[in-house]
Amino acid sequence: MAKTKKYSSIFPLFFIISLFLPNLAQAQLMNHYWSQSYNSISTLLSGAVVGGDAGNAAIYYNPSGIVDLEEGNNISVAASIFTLSTYSFRGIMGDGKHISSTNLYVQPQFFSYGVKSPFRKWSFELAVFNRIRDNLTLGFVESQDFRLNPQENSIGRLSTVYDYENYYSDDWVGLGGGYKYSDNLYLGFSVNVSFSTFKYSNSINATVYPIVSDTISGKPNTSILAVNEYKESIDFTDIRIVAKMGATYKLDAWSVGLNVTLPALKLFSVGKKASRSVLEGYSHEFDIDSNLTDYYIFDSQKDKQLTTDFKLPFSIALGAVVKLQNNKKLYLTAEYFASLKSYKIVDAQLNSGITTDVIYDRLENKDWLTFMNEVRPVFNIAFGYQWQIKTNVLFLMGLRTDFNSLKNDIAYGYADVPGIYSTNINIYHATAGVKFTYKKHQLIAGTQFSFGRQANAPQIANFKSKDDFFTSGNELPLLGIPDNSANISQFSVSLFLGATLNFSGSDRK
1 MAKTKKYSSI FPLFFIISLF LPNLAQAQLM NHYWSQSYNS ISTLLSGAVV GGDAGNAAIY
61 YNPSGIVDLE EGNNISVAAS IFTLSTYSFR GIMGDGKHIS STNLYVQPQF FSYGVKSPFR
121 KWSFELAVFN RIRDNLTLGF VESQDFRLNP QENSIGRLST VYDYENYYSD DWVGLGGGYK
181 YSDNLYLGFS VNVSFSTFKY SNSINATVYP IVSDTISGKP NTSILAVNEY KESIDFTDIR
241 IVAKMGATYK LDAWSVGLNV TLPALKLFSV GKKASRSVLE GYSHEFDIDS NLTDYYIFDS
301 QKDKQLTTDF KLPFSIALGA VVKLQNNKKL YLTAEYFASL KSYKIVDAQL NSGITTDVIY
361 DRLENKDWLT FMNEVRPVFN IAFGYQWQIK TNVLFLMGLR TDFNSLKNDI AYGYADVPGI
421 YSTNINIYHA TAGVKFTYKK HQLIAGTQFS FGRQANAPQI ANFKSKDDFF TSGNELPLLG
481 IPDNSANISQ FSVSLFLGAT LNFSGSDRK
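FYI, in the numbering used here the residues of the sequence shown are 1 to 509.
Hints in this document: simulated from the structure, not taken from any laboratory.
Check each hint, because a few of them may be wrong.
Result set (DSS-like, lysine-lysine): computed pairs, CA atoms no more than 30 Å apart in a straight line [what the hints assert, rightly or not]:
(1) Lys311 to Lys341
(2) Lys366 to Lys266
(3) Lys440 to Lys328
(4) Lys273 to Lys341
(5) Lys180 to Lys328
(6) Lys311 to Lys266
(7) Lys304 to Lys344
Sequences are here, hints too, so could you generate the full structure?
Okay, here's the thing in structure tokens:
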């Protein structure tokens, strides 16, 4: 039976909980638009190819570039041989208490088939590629002494267990076409079906238990003295349509390009599941005066009970390519991503059976299982450079920004409506590699280095002593008094390998 002595203490609960939980997902790449490059030299030029030379990746960067495909049939395959990522969350669980994670990915990235149409001025491309894939798991376990009072039989332990997983993958199947309006002006479009899968879980548990028997009664004492717990999970796949329109204008030694990406249009969702719970419980030995509130709130829904929607915003990109002397080229691309106002990434049905009727009636927000999302506008920029080492061998390199789109108030929680907890890191990428040409076939090999850092990040927990518990006045007091003193850093290295094979076809009409 839940205690009802201090109902007012549960009202700020949801805001306080959000401050305890981390900004932790790699996403995370899910909160970044330029985390991965695609295929051929576009990868080595760090994606600075909206103005030209995107190769078979033109279906993504600027569909008008499909016109530049070699005569005949083009098959392009690119893969990230592996990506090794390391993460450090220093002080995230309290002073001197850190979490680290290392992840190794081996995954294909891009396959495309392009063909010059037998009809004048048209070219077409079909592509299957992964726009982004990321999987981060974190864990922390600790046990420390906890003594309620100087008496010997009050000796106990405080155990803290934290588990976090964030998996996000967005696979695209696209069809695009390019039209050569004139020798100088190319136009293009692409329509892409996006399969966006999101699996997320976030939980923390702090438990106080005795390690000394009751010496007065002589009976073993194994009951839990206190427990604070918070859990949430989401799982769904959205199927969406993403359309792109592009144009390229070429003149002598330079070219400029424009690419417009329309907001993603959701078709339907599958595999929908979500749950969320919070628990505070205290024994009489722990809370003799009954000053604390015991309560448990839980809800879980799936399938038709839920509506999910992971949105992609409108964006516009401009790019330029300048030919220099000795087969050198300079590339520049900038892209603006619009903001998205607060929206429901998970919209659940109201459920009055999530807790006792008395506590439910007093909840200010009864939409317990709805998760919100909101993104700020982002402006990214990329530079690329190419020069010829020797005949049929080019060296390419690039730099690009990859700013986080997550709005700060979402990163730290959404008052009594939860958001998806994720890092707020800005990432920077550097790429380099070589391109070999044999007849009309191309082979590329290269690497990418990525790094990012976030200072003064909010801690998940910061329990120092029992004094923190009895003086903090916070909900979930067994987590201590978190502050913004954590530091998060990320570093990754990727190796790429790609090939474009061209098979000459018949003359065009």
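When the hints from earlier in the document are held up against this structure, which numbers fail? none
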